[in-house]
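Q: Protein sequences appear in the order of chains A and B. Residues 1 to 669 (the working numbering) make up the first sequence, in order. Residues 1 to 299 (the working numbering) make up the second sequence, in order.
A portion of the hints provided could be inaccurate.
Said to hold, decoys possible - Capping the alpha-carbon separation at 35 Å, the derived lysine-lysine pairs in DSBU-like fashion look like this:
id: 1; chain 1: A; residue 1: K104; chain 2: B; residue 2: K220
id: 2; chain 1: B; residue 1: K215; chain 2: A; residue 2: K284
id: 3; chain 1: A; residue 1: K345; chain 2: B; residue 2: K108
id: 4; chain 1: A; residue 1: K104; chain 2: B; residue 2: K244
As the list claims (entries may be wrong) - Here are some, though not all, of the chain A residues that point toward chain B, as calculated from beta-carbon distances under 7 Å:
id: 5; residue: V105
id: 6; residue: G106
id: 7; residue: N108
id: 8; residue: H111
id: 9; residue: A112
Since the hints were made in silico from the structure, they are not lab data. Don't be surprised by glycine CBs; every beta carbon is placed ideally from N, CA and C.
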Amino acid sequence: MTLQNSSADRSSRAGYFFFLLRQNWPTIVTNAIIFLLLNVVFLAMMYATMVPDTIRNWSAEMAGEQITRNVRSMLDGMAVANTVIASLLAVLWGGTALSYLNNKVGVNFYHALPRRREILFLEEAAVKFICLAVPLLFSCLIAIPVTGAMVGKWASGYAVQLLLCAGYGTLYFALYFSIMLFAASFTGTGFARILTAGYTVFMPSGVLGCIILVLSMNANHRSYDGLYELALRILLPYRTIFTVTELDEKLNEKLSDTAWEIALTIGLTVVFFAVGLLIYRRRKSELSGTPVLLPVASGIIKYTGIFCAAVLMGTIFKLLDGWFLLGAAIGALLALMVINTILTKSAKQMFAGWKGFLIFIAVFIVFYLVFGLDLVGLDTHVPSSALVRGGRVAVDGTNYTMTNKEADRFAKDLEICLETTDWDEDDVREYYYYPTEDENRIWLYIDLDCGLFEAGYRLSVSPADDAGAALVRDILYLEDFERAYFKTDAKWDQAQLDYTLWLGSPYDGVKGEEALITGKPEIIGRMIESFRADRESFFQTPVIAWIQYDSVYNNAYRDYDYYINGSFPCYGIGDEFLDDVAAMVESATIYHNDEVCYVTTDRARIREILSSAVLQDSYSSFTMLEPGWILTLDFVGVEEGYRYSEYMDKYGYAVRGFFLQGKLPAFLQ
Amino acid sequence: MLRIESVTKNFADVRSLDRVSISVPDGAILGLIGSNGSGKSTLLRVMCGVILPEEGTVLADGFRVWENPDVKKDILYLSDEPFFLPHASLSDMRAMYKSVYPAFSDEKYAQLLHAFGLDEKRRIQTFSKGMQKQASVLLGLSAAPKYLFCDETFDGLDPVMRQYVKSVFAEEVAERRMSVVIASHNLREIEDICDSVALLHRGKLLFQRGLDDMKLSLQKIQAIFPENVGEDAFASLPLLSREKRGSMVTLVARGTREELETALSALHPTFCEFIPLTLEEIFISEMGDKGYDFAELIG
């Protein structure tokens, strides 16, 4: 009777799917409006701001490039906005998807329907996916010609970026919707579903973060930055979080970060979806209304939640000069009460499982004593040299990868250093959180690769400390370090490299004014040689310039800190580089009280001006400057830059400078 | 033919169904009776493939029901609490049923809609409880299932509607040989429609028998006997109960009318009348005979 009608059944199955789609038409229309507003209307409105008045007088080519840059930057923002909205919709819809699982009447109805459970699950997912993806893609496709028309110049990159908006939005919708379905498959109440989904997303990194918090309490030497990275970026399923490629450089060589990010997001989506489907298939209908169907999941939710609450509350107590363990106990108890109430749907059960809770408290105390108070000396433990395979060392932002042999040596040196540096806890914290210029400490970050784990150490040394200074000097003179730091293999290949010279002060951490210089590799080379010569006094000299290069072939990107000895007061340009910098300047314009009072292209005069000038961001106080005087420099061969102001040159780029008090050039007085 | 074979289902520590075996022939109406918690609803949910039993199987026309859409398209379950899509009208629900049940009959839908007098454009959530029941029955019957499982379906229907629904059930059974299983704790509600009844008690099936068979095999007699007829005279009769009020004796006895007429004529009654037994009386007599307190059995 039944099996002959399979074609009729198939048509009825398709019919139900289309019925669901018809039922969801308000959702599709709402989404279409949202995404059209965002990707077409809002974008079109924003195009007006893409063409600022300040570039009207630019050459068509320069203006076009600037607009392209602005539009692309805007579209990058749109991709993020689309992704965030799609993710929010995923959470919203996922919270109500398969909602019949939360009540007996709904389960009786749906599970009595002539449909396999996996089909019910798949249909729900497919319909919601279509509800999001179709309007999103539709809006982005419309945005492509609108962008072309508004910008007035076609760039294929716009289309790719707009399609990426749709792609990223859909991808992250799928991920979060899968997580919600996964949570729905083994929960029986809406609250438990949201709780479980939240746990799935945040708990791995939350637990690891709390463990690191405890480990870091007395960590004066060991660095847990790598673990924080893991907790905050890798384990959280969002965007860069998936860049686990950073964990495996070999894999990274095969695929770009983006491709890996997408592949891993898809992979994670498939895993959550498949596990959710599997659990749903085996789910017992009679358990509708039960908050969490799987006892194992209940246990995980309960005790991970209690652990995090204990650590966080303990930390708050500690910050308020209270007892960590007292805060932890209070936090744990509160978490027990709340989680039990949610999981049992009864406040009367808030203390359920108190025996397990007491065992947890005992284990937690041991954990805190061992790791929080570092009774086992984890902080100062250095792995045996035999275990060390390799490692990385960074000196104030520089870094390179050590070979096995060097790592082995450093493991030994590190032991010596840890023994000779006599820091008490307060000293280390003070210098770590509030470093002062006067102390001029050098921070070393050393990761030793020991195969199964990586031990990270943070070490501060002073030039006055022989052992520490010797260690830093050893690092600086290492051949590998030099090669890694200077990228010597590529640095003179002018065909591949563009150099950026940044002039600025070391204090604000910003690069100051900047200009891209081409055709001047010899200047860069001299600066680098100068840096090498200055290595001996590495600790005493302030940074006065950075050099950055980009390689068009291998995406190499490198900052060099540039140090000059005995140079101009207040970090002006050193005498030995005045000729070089003057040679790069096409013209100098001097303003007084916002009026142009002097313009010159004469090299000798420019050199004279530079010898008296201090460049923007290279001074620590306006009181040091001659009031009302401003200098702008137009560089030769400037091709690109991204700062513009009222003091721009004809291309929109300039370097600003000032004159120190009493140093105004004689011809201006 | 629907066959439930030795089905066992546990909910945590409670055995809700204990090796229950029932069969429902095509074109038959089975009344499933029992007190609250006897396992009626659980059995219905097992029969329509909502719950998977730990042991035993449910077969419809020889095919397993569980996760078998080809079989389940011929099965419709009317739950004690009807389910409708949120904010749906009857018209929306019709579209849904139509997309799921290939045999859905627009003609039947129109006929029942007219008979029930429901507004198909109005949100079902705004219907009264009785109207929601009607909507549920309307949709269920329009789906033209071969097997219809009803859980307390007549609860909430007014007497007129109740009779109408019963008449539609009977019509469908006669015309399409639909099989119906009606679970109820109210015997009076189903006695005029069922062909057979099954009694569940604490998850166990106490018996399943045809109603005609039960009625023919049990007789209720009111009679007046001469004064010289003592209690010993009834000892040879297969009595299930005997009650005397004044000179009138009411007997419930096992056997056909002819057999009992012959047996009683030997006692020379001055008055003798066979009166029909209600289903409840049949059960009270049968269960009492087996040592059960019927009041406890059906709550």
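Q: Taking the hints in turn, state whether each one holds.
A: Results of checking the hints against the structure:
1. Simply put, K104 (chain A) and K220 (chain B) have alpha-carbon atoms about 44 Å apart, too far for the 35 Å limit, and the pair is violated.
2. In summary, the hint linking K215 (chain B) to K284 (chain A) is not supported, as the alpha carbons are separated by about 41 Å, beyond the 35 Å threshold.
3. For a cut-off of 35 Å, the pair hint linking K345 (chain A) to K108 (chain B) is broken: about 44 Å separates their Cα positions.
4. Annotation: proposed proximity of K104 (chain A) to K244 (chain B) is violated, straight-line Cα distance about 50 Å (limit 35 Å).
5. A hinted interface residue such as V105 (chain A) counts as satisfied when its beta carbon comes closer than 7 Å to some beta carbon of chain B; here the least separation is about 5 Å, so the hint holds.
6. About 6 Å separates the beta-carbon of G106 (chain A) from the nearest beta-carbon of chain B, less than 7 Å, and the hint is met.
7. Taking 7 Å as the C-beta cut-off, the interface hint given for N108 (chain A) holds, the closest approach to chain B being about 5 Å.
8. Checking H111 (chain A) against chain B by beta carbon gives a least distance of about 4 Å; that is within 7 Å, so the hint holds.
9. Annotation: interface hint on A112 (chain A) holds; nearest CB of chain B at approximately 4 Å, less than 7 Å.
Checked against the numbered hints listed earlier, the structure breaks hints 1, 2, 3 and 4; every other hint is satisfied.
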